[in-house]
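Turn these sequences into a full structure, and let the hints guide you.
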Amino acid sequence: MGDVMFVNGVIETVTGGAVEAVAVENGRITALGSTEDVTRGARRTVDVVDLAGRALLPGLIEPHTHPDLAAQMYAWVDVSGFTHSHISGVEAALRSADETTPADRWIFAFGLDPILTSDVGAWDRHRLDALVPDRPVAVMVQSMHTLYVNSRAIEAAGLTDDTPDPGQGGHYGRDAAGHLTGRVEEQAAMLPFVIHGLPTPEAVDSMIAEQLDRYAAVGITTLGMAGSFGGDEPLRRLASSGASPVRVVSYLRHEAALATGPLPRHDADDSSRFRIAGAKLWYDGSPYTGTMLLDEPYLETDLCCCTLGIERGTRGRANFEPGEVAEMLSTLHAEGWQVLTHAQGDRACREIVDLYAGVVGDDRSHRWRVEHCALFGRDDLHRAAAIGASPSFHVDHVRFYGPELAADLIGPERAAGLMPIRSAIDAGHRVSLHADSPMYPPGPLRLAATAVTRRTRLGTTIADDEAITAEQAMRAVTIDAAWQLGLDREVGSIEVGKRADFTIVDRSPLRVDASDIDGIHVESTWVDGALVSSVD
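Per my numbering, the sequence shown starts with residue 1, numbered consecutively.
Just so you know, these hints were derived from the structure itself, not from any lab. One or more of the hints may lead you astray.
Now the in silico label distances, taken between C-beta atoms and shown as ranges [claimed, not checked]:
id, residue 1, residue 2, range
1, 259, 164, 19 to 27 Å
2, 260, 48, 41 to 49 Å
3, 295, 174, 25 to 33 Å
4, 264, 104, 38 to 46 Å
5, 165, 102, 18 to 26 Å
6, 490, 176, 56 to 64 Å
7, 259, 45, 36 to 44 Å
8, 365, 259, 20 to 28 Å
9, 99, 122, 41 to 49 Å
Fair warning: this is a prediction, and the values are worked out from it, not measured in the lab. The beta carbon of each residue, even a glycine, is placed where N, CA and C say it ideally should be.
Written out as structure tokens, the structure reads:
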């Protein structure tokens, strides 16, 4: 833990204005104020960092991400729209992988994007058979809720035309004759395929460590792992060995949490870099798979029904019956678990608020959350606030897919309420923003910029009335995100006694035009007063 003093900068405390200097001893903040006053009170042996006018922020917080999935999927063949602007690049990448991968191995690819990549067209097993005919191949869509597989993969996974859907929202696509098409929807149905793409135990620790370094490089000092897919042991090992550059707050998948019993106690001698806080469940699915649970149907457009393969007239679906969820929530609440629930559609958000209310009663200490919240009605936001359940917004949907959501999936009227962050704050919520990596790259300042400007990748804006101030956006990626993770007494703002987690940037997002927040650069990241990442 570091003993260090930062001077001559713009230090944004988030909760108490700005100061020039901050002193740190044994990894905790000991003094704030002017450079002169803090320097006068510091120990002579302390290291000094001259900010030279740069800004120092509370360490940025990503409350909903998946380092385990990122470690796995970023190692797959890259077919994302961030890399390939045209489908020809995707096809070339798959053919190249077929030529270079040992013959006895599957090919896994991540990031197929019918929106960011042009001319994607419809996908099925036959299209993949033509590209990779002699081995199993599985291609994950960017949203991670749709998987396409070829005939060899279906055979290797042991599926036939008679295989039933597995439940929990999982679905195997079939044609009019009842034959499997190679389209696989939601986690439960994907498991027989993705299990073949797991990294070796020997590689897991280094792969996850690489992902944690990616978070630190964009200024993140604390993250919430929203549904552990591969177990927590690699993260525990990295934390206990001192190798983790960030704090990890883990939320187990609901099945694992229910099997665990009471929430494990976080003992005082545990590493501050890892703890289990709660459980995560998925109530609906993705806007781009057709599984977001809506009050009114998806639009019937070429993108929606043909390219994305969404069933005409569908309103999406829930992964569970409400009674099943109520039973799970009651057990988790009784055993002390904080709960995060994935809910995208307006109906999904409303039903989750109903289910939460039926379980928590008058208890306001739970800090339960609703995740993603693409369409969260204003009345339902007020009802959620009344029971103490707060939203975490997946605001990158506005930036990357906003134009298509408005024009092709839900229409302009519903898009006017897309990601209703301002409405949530007006209803009394403490909100957070997240990137849900590996769906989108981590980047809290990018999220803050989008929440303030509501600007899409095309330069247009979506739901301008839901824009928030830079101050509100910074709270959403610092102190209010810390509050949602149960860490607001330790991190999230720059106050005496708190842990010295900082992000140094070239300019303060609170002192530039809203349009310039996107251009702010992270220069270094500090945890417990020690440097964990730097551009140098």
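Hint by hint, here is what the structure shows:
no.	hint	in the structure
1	259 with 164: 19 to 27 Å	holds, 24 Å
2	260 with 48: 41 to 49 Å	holds, 46 Å
3	295 with 174: 25 to 33 Å	holds, 27 Å
4	264 with 104: 38 to 46 Å	holds, 40 Å
5	165 with 102: 18 to 26 Å	violated, 33 Å
6	490 with 176: 56 to 64 Å	holds, 57 Å
7	259 with 45: 36 to 44 Å	violated, 50 Å
8	365 with 259: 20 to 28 Å	holds, 24 Å
9	99 with 122: 41 to 49 Å	violated, 25 Å
Comparing the model with each earlier hint shows violations of hints 5, 7, 9; every other hint is respected.
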